[in-house]
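Those protein sequence lines, which keep their order, are chains A and B.
Our numbering numbers the first residue of the first sequence as 1116 and each following residue consecutively.
Our numbering numbers the first residue of the second sequence as 99 and each following residue consecutively.
Because the hints were derived from the structure by calculation, they are not lab data.
Treat the hints loosely; a few may be bogus.
Cross-link-like lysine-lysine pairs, in silico, DSSO-like; alpha carbons within 27 Å at most [stated by the list, open to error]:
{"#": "1", "chain 1": "B", "residue 1": "Lys138", "chain 2": "B", "residue 2": "Lys107"}
{"#": "2", "chain 1": "A", "residue 1": "Lys1157", "chain 2": "B", "residue 2": "Lys138"}
{"#": "3", "chain 1": "B", "residue 1": "Lys116", "chain 2": "A", "residue 2": "Lys1220"}
{"#": "4", "chain 1": "A", "residue 1": "Lys1137", "chain 2": "A", "residue 2": "Lys1220"}
{"#": "5", "chain 1": "B", "residue 1": "Lys120", "chain 2": "A", "residue 2": "Lys1172"}
{"#": "6", "chain 1": "B", "residue 1": "Lys107", "chain 2": "A", "residue 2": "Lys1172"}
{"#": "7", "chain 1": "A", "residue 1": "Lys1157", "chain 2": "B", "residue 2": "Lys134"}
{"#": "8", "chain 1": "B", "residue 1": "Lys120", "chain 2": "B", "residue 2": "Lys136"}
{"#": "9", "chain 1": "B", "residue 1": "Lys138", "chain 2": "B", "residue 2": "Lys151"}
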Amino acid sequence: GENVEQHPSTLSVQEGDSAVIKCTYSDSASNYFPWYKQELGKRPQLIIDIRSNVGEKKDQRIAVTLNKTAKHFSLHITETQPEDSAVYFCAAPQRGAGTALIFGKGTTLSVSS
Amino acid sequence: DTEVTQTPKHLVMGMTNKKSLKCEQHMGHRAMYWYKQKAKKPPELMFVYSYEKLSINESVPSRFSPECPNSSLLNLHLHALQPEDSALYLCASSQDASRLGDGYTFGSGTRLTVV
Chain A
1116 GENVEQHPST LSVQEGDSAV IKCTYSDSAS NYFPWYKQEL GKRPQLIIDI RSNVGEKKDQ
1176 RIAVTLNKTA KHFSLHITET QPEDSAVYFC AAPQRGAGTA LIFGKGTTLS VSS
Chain B
99 DTEVTQTPKH LVMGMTNKKS LKCEQHMGHR AMYWYKQKAK KPPELMFVYS YEKLSINESV
159 PSRFSPECPN SSLLNLHLHA LQPEDSALYL CASSQDASRL GDGYTFGSGT RLTVV
């Protein structure tokens, strides 16, 4: 089945710096890659996603890039703020499971002011 | 209504109890999911319902029994659970049951403690 590897597991940055989280996937047929943000004690929330026919997508301070050849996709957060502190999960379709998603292990982002 | 509502928010149950978790959405989504999330871990898929039919069961023990009474409701019946089943149980829905469209909408979860 699909396997999603996420790095790093923890990331500490200063306010205003950029943060980059990378995920790799194994199934070359995967075509949809969302990113979720989960604050402590809360639900995961979709922050951005990308389809395999697009190389990059931006939404204000957040961007996602996709390299289909290398089978990896990355989340980029610019001008980080303390409220960006959370756990971030990448995901990809679970092979043979229709619309089900499999999640990476998560990255705990800490932004210090 | 753009939310997935889960009840109860917290549940403490003994190992001999029977309880149910409920999930409701009124967005017309045709796929609904149960995930289990342990502390500091990613959500793990348990069940998938597509058009109100169980399409995926990720080898979940029979002490967890899902039910989809209609297109808006999803239940998870619990019986004879173990302490290691303590976790956050997340319900999610997505619009299209055959193709991922706009990703999932997650409910806020039920935090389950088995004593």
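Hints violated by the structure (listed by number, smallest first) = 3, 5, 6, 9
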